[in-house]
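These protein sequence lines map, in sequence, to chains A and B. So in my numbering the end of the first sequence lands on 273, straight run, no missing numbers. So in my numbering the end of the second sequence lands on 471, straight run, no missing numbers.
Source of the hints: derived by calculation from the structure; they are not laboratory data. Quick reminder that beta carbons are idealized off the backbone N, C-alpha and C, glycines included. Be careful, since some hints might not be right.
Not the full set, but computed from the structure, chain A residues with beta-carbon under 8 Å of chain B [to be verified]:
# : residue
1 : 230
2 : 255
3 : 256
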Amino acid sequence: MSPPLHHYLILAAVLFCLGLYGVLAKRNAIVALMSVELMLAGVNLNLVAFDRYLGSRYLGQVFALFTVSVAAAEAAVGLALVIALARRRNSVDLSEFTDLSG
Amino acid sequence: MHTRYLAPELILAVTALLLLLLKVTGRRLPGLTAFASLSLLLAGWALWPLHEENLSFLGGTFLLDPLAFYFKALFLGTALLAFWGAAGWVRRNPETAPDFHALLLLETAALMLMVSAGELISLYLALEASVVTFFTLAGLQPERPGSLEATLKYVLSAGVSAAFLLYGMSFLYGFTGTTNLEEIGVRLGATAWSPLLLLAGLFLLTGFGFKLAIVPFHFWSPDVYEAAPTPVVAYLAVASKAAGFAVALRVFTVALGALAAGWSFVFAVVAAATIVFGNLAAIPQTDLKRLLAYSSISQAGYLLLGLAAMSRPGLSSALFYAALYTLSNLTAFFVVAAWEEASGRTDLAGFGGLARRAPFLAAALLIALLSLGGIPPLAGFIGKLTLFMAVVDAGQVWLALIGAALSVVSVYYYLNVARVMYVEPPAALAAPGSPAPAPAEQTSPAILAGVAPTTLLAIALSLLGTLLLGVYPTWLLRAADWAARLFWG
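Isolated chain B (complex conformation) (with noise of 0.2 Å):
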């Protein structure tokens, strides 16, 4: 039966929507995040067996592929990190956890049919559902400043990006007559190469550049990222974009593969715009949350080095960057959620002598900050540097130049945020609803007192994973290669 190759999705759908239910009963829910954490498990254990599988199924609507296992396995990663992570949020909105947990579930489940999808309605569909999901999460908390406002602005252009993302789909149905990925394909191969071909597969990067917020697709995600819920922008920022990559992957590869050397240059010009603009763009920020949605773009532009590579050690490193920038991402967002928490302030300025009140909040977000920019012997190094090489060895020796020389400016406004941790007196605490103790009163047991313990958890594991996949990088790097294996033989 088919049932056995969609149960991981099946089983989050379902303690989503029986989370929902429970709700309307209007009784207080405990223990949230081991129900979601519990359901997840399950659903890894149901992922497990499927990695010895390579079919398509249900009419060649999904696809079931070594990298369609790996996107899933670190969605489902990502998404317990997430649930940890999140845990002090939770105990502070208690009235809206469920519909969290419910709706991050259920994104899950989205995000994982969008990396499997081998055909064009299914494809838009998980698309869809993933996107309209995300709009009820950032719009969560609609007391937060700019929330409901941001929130309107992601739903506008999610809406335009969908549009064009289907009238690049309706020119593909047109030219092939089909909406299968494999059989668009093969159809094309026959024909020439046309204007509107080209104009159709514009449309289409112009839909995932919007999931994967790549310049000049990326105006809204800085708004979102302010205004979102921290533990909600922290998944947004990293399985999103995974997820957009995959898509676009399968989509220009497979469906659009006989133009491959004319999309390789469309990549790498909009993987080069992409790491340009979001690095400078986030020198002069002043709110943290702000700073890394755009060091989140220029991430996103590093994961798009390997679709401009087109080859397969360009795939499998963008693979791995792409788990290693989530491990590095997730621990920096949590960090501004335990201190958001902690002090109710996400600006730069909040930060001050964070060292000195919180060593280890300052430790991690170090880390990760020097990790995503790229200095040894931290995962990003590597991961950047497998990313280099593989474009070099594609011949596009420009990028990779761009994107060591935009690595170095990344390093610049990292450290200034350690500078600020590390060198500046404390600022003052503005938690809401009680008036600011003084500074000196603050010690660090006091204040990571107020941090739940799982959220500790949840930056101590992802900071761990950082810290090991950089001296051990050999078992990721070599399930990436096998994730990539059936991408350019």
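So that you can see chain A by itself, here it is in the shape it has in the complex (with noise of 0.2 Å):
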């Protein structure tokens, strides 16, 4: 007997929006990167809980392993970015990056 569906979408949501405040609000670069994964696995999960439930086998989840191989794709960018920043300011604080504005 497995749980419904609506719990993994309710889990599914509550990992997107935790995701969405790390990245809105902490100020740690990496820790940011590490959010926007965390929305990313709520995604994820919604995929693949749709797939179990509605029947349709493997969409979801070929969806879902496209999802994580992009995903690590744009966290290889966005920590070489970091690195780079790291090694310039010696700093990986977003608030400290204040060049630009307007």
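The two chains are supplied separately, each in an independent frame; assemble them into the complex guided by the hints.
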């Protein structure tokens, strides 16, 4: 007996919102990148849960796999930027980056 | 075979990868601009015979219809001009030049796939391919002030917007059990309207809004525009917006078409907010690249008018507007790039007295800006006129009034740039690495000699396009109408 669909959807929404909160509120660039991944985790859970309960078998899982790999590519670029910034600034604190404004 | 349908994208991708491979060998690569242009022309040659097609292939993953063809041709032309306009920048940055060419080719391929996507997964993949390529392009010159910060901001906001897009897509999939846009449209047509569906649509709009840089998802764009290399910005400002428009159009009319009236209202509100905000925020800007960034935000709002109208004339005038906006914006950014190359400045004061130093650059910038502002007889006037007419026909008179009123505001800050160029005394030159010469010695030929000839050619060509489209708009209007013919019959 597995839990009904809406349990998964609520958990996914919670993950998504936690991730969104992390991006908006956290000052550390790496934590912000991790929070984006958390949002995507929520999406993936959604996709896989729909797949399981709607009986369409594979499409959502394929989608989730693509999401995971693309997120890895995105994180690679993001982390490369963070490393380059840390070398120049000796900091990964987003609030210290104030060269641009207006 | 289906390869034929994807041949243009494949040609671009293969030549881009070839460039990257050649770069690894460590040799100096001469003739990059020619190589990239050749690749684009080859892709164009492969694209041309496809204009008669109207089909979906690879199991509905990709569509080949007039709309896709129109945008693909637009992207190829934009990329060609962008490569020529970037020649001066490339000369100054020989180290990163191969990467620039390879990435811009890949970007073009990704955008071309994006406007062809007929299904959520391929749409998402193409969109991400273009976004990740743009990260790299935007951060190509890490030594520019603010470059890395702006790019990181871009990565984070792109990540969040992609998550919103995916979240919306996951609900669409949950509602319908399919990822094919047309199928989604068919299956949603039977279900009743629900708050969750509206939420899913708004999530999707968030994702596309980021790509289009419309209010309230525009916050990243002025920073990126200011800090990224100017040729990259020229391309980003036009091609990326056009692609975002195309996918938004497909998703909201094909997949979510059953709720067209509701989306029309949402788009009208977003378009009005974007036009008002973009134009008002452009007024106090002191950096020309930032000013153009806010002006581009407002232009995206005008594009959205075409979606708000939800009619065939609305769509075709938005397609027309996309093409002429591309030309005028490219001219403006190339002039900024050329002047940046000659003087090292992009701030508005640095353009003081440009008309006396480089009359051609000043005139080109002036004409491009007036076209963007919608002054007759330039192309922008006809574009805005047809858009407003379509919006009025759709019964949204208030939207046309807002658009027209804010056009006047835009003319104010565009003319302010003209005042600086034509009235103010010449500004001091701060060419990097060399002591500034006395302004009086700087004559027009000396400055133009510092600008790459291909950049001047790109400026001249895009300027010619702006002027010609103002006088002979019929053929492009007809092409836009042809591209729009599959929507709303």
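Going down the list of hints, with the structure as the test:
1. About 6 Å separates the beta-carbon of residue 230(A) from the nearest beta-carbon of chain B, less than 8 Å, and the hint is met.
2. This hint holds: residue 255(A) has a C-beta 6 Å from the nearest C-beta of chain B, less than the 8 Å allowed.
3. With 8 Å as the threshold, the beta carbon of residue 256(A) comes within range of chain B, its nearest partner Cβ sitting at about 5 Å, so the hint holds.
Comparing the model with each earlier hint shows no violations; every hint is respected.
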